[in-house]
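**Q** Sequence:
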Amino acid sequence: MMYSLKNNDCITVLLLLFIYLFNFNDARYHLISRDNSKHQNGLFGGIVHAGSIIGMPIVDSRRKNETELKREKDEEERNDAKEDSFGKTDCRTQREQAMRKLENNPENGNYIPTCAGDSDILFDRIQCHRLSHICWCVNPETGIPLSGTSKYNAKPNCDGRLQQGDDSRRQIKGCSGKKKAKFYQRLFSSLISEWILALGDEANDDAITSKDKAVRWKFEQLDVNNNSRLERKEWKSYRNELRLLNKVRKCGRNFLRFCDRDGNKQIMLDEWLNCTIYADMTISTVSVTKTKVTLPRKNPFLDILQPDD
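For the sequence shown, our numbering begins at 69 and goes up steadily by one.
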């Protein structure tokens, strides 16, 4: 009798323990399910397995993209602001920097400003580039060029230019700072490469000092009807080529509109020189870098273009 009772007690205890464990796991399962439903917004995801939860932080992709885009935009704006102020030094400082570059590389042909005023702080109102023989007017306090004043083999009349209005701050739309410098580097690399390819042995090896020749040669190539002006139908195909320049596509897309200063859909030779040689020389004497020239393959753009992602 005693033996039977003990067996019944053991069975009862085991049964109660089983019921308790079942209810505990069931309650825990529902608790986990509730927690999972709360975190379906993407912040946390949970996997229920054998009565346990493995929580792995999962960043919401949409929120991540928005955050990254905002951070990249802020960083780009900071860089552009930094680059816009970069090189805005007095004339003496810019001249010293340009002279050091010339000493290190006499064949570079970089622009060297001429100075005036006490301690050479101000810029001469007329600046010239020794190799291309182009001269232009500048703001004597900032050295910023006055657009539309450049002359080839002659000095412009700079009297009253500041009062007539300074549109020297014209920029290629969506193209400034490092993008602008990179665009002009690639532009001249392609122009000089095409020029060398076309002329062969007639082009000398010192292409870095021959930007002016390459630019004038390209103007003649684009001027199909030989009327000394580039009409829209003549430069449209070239714009499509420039739009393919990797990482500076916006610069290439808007470059020729920038060249058309008066907006008449025609680009005169002086406008062409202004937006190529003249604009490149005056980006910044501080950030001028030597153009890398490589002889192209059959298509001169193959070395500098990359397909769209």
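If you're looking for bench data, these hints aren't it; they were derived computationally from the structure.
One should not assume that every hint holds.
Label-pair distances were calculated between CB atoms; the ranges are [said to hold, decoys possible]:
| no. | residue 1 | residue 2 | range |
| --- | --- | --- | --- |
| 1 | ASP338 | THR182 | 20 to 26 Å |
| 2 | LYS223 | GLY331 | 23 to 29 Å |
| 3 | ASN207 | ALA266 | 23 to 29 Å |
| 4 | ASP227 | ARG325 | 26 to 32 Å |
| 5 | ASN293 | ARG168 | 43 to 49 Å |
| 6 | PRO174 | THR135 | 32 to 38 Å |
Each computed DSS-like pair below joins lysine-lysine, with the alpha-carbon atoms no more than 25 Å apart [claimed, not checked]:
| no. | residue 1 | residue 2 |
| --- | --- | --- |
| 7 | LYS169 | LYS301 |
| 8 | LYS301 | LYS241 |
| 9 | LYS318 | LYS246 |
| 10 | LYS169 | LYS250 |
| 11 | LYS241 | LYS318 |
| 12 | LYS318 | LYS219 |
| 13 | LYS247 | LYS223 |
In this text, a Cβ means the ideal position worked out from N, Cα and C, and glycines have one as well.
**Q** Next, verify each hint and record whether it holds.
**A** Status of each hint after checking the structure:
Taken as a hint, the range 20 to 26 Å holds for the pair ASP338 and THR182, whose Cβ atoms sit roughly 22 Å apart. Taking 23 to 29 Å as the suggested C-beta distance range, the pair LYS223 and GLY331 conforms, at roughly 28 Å. Checked against the hint of 23 to 29 Å, the C-beta distance between ASN207 and ALA266 comes to roughly 38 Å, which is inconsistent with it. Roughly 30 Å separates the CB atoms of ASP227 and ARG325, a value that falls within the hinted 26 to 32 Å.
At about 46 Å, the beta-carbon gap between ASN293 and ARG168 stays in the expected band of 43 to 49 Å. Restraint check, PRO174 to THR135: a C-beta distance of roughly 50 Å breaks the suggested window 32 to 38 Å. Proposed proximity of LYS169 and LYS301 is contradicted: the alpha carbons are some 41 Å apart, above 25 Å. The hinted pair formed by LYS301 and LYS241 meets the criterion: a straight-line CA distance of about 21 Å does not exceed 25 Å.
Pair hint LYS318 plus LYS246 holds up; C-alpha atoms about 13 Å apart against a cutoff of 25 Å. The straight-line distance between the Cα atoms of LYS169 and LYS250 is roughly 19 Å, inside the 25 Å bound, and the hint therefore holds. A threshold of 25 Å between alpha carbons decides the hint, and for LYS241 with LYS318 the separation of about 8 Å falls inside it, so the pair holds. Under the criterion of a C-alpha separation no larger than 25 Å, the hint pairing LYS318 with LYS219 is inconsistent with the structure, at around 29 Å.
Note on LYS247 and LYS223: the hinted pairing is violated, with a Cα-Cα distance of about 31 Å set against a maximum of 25 Å.
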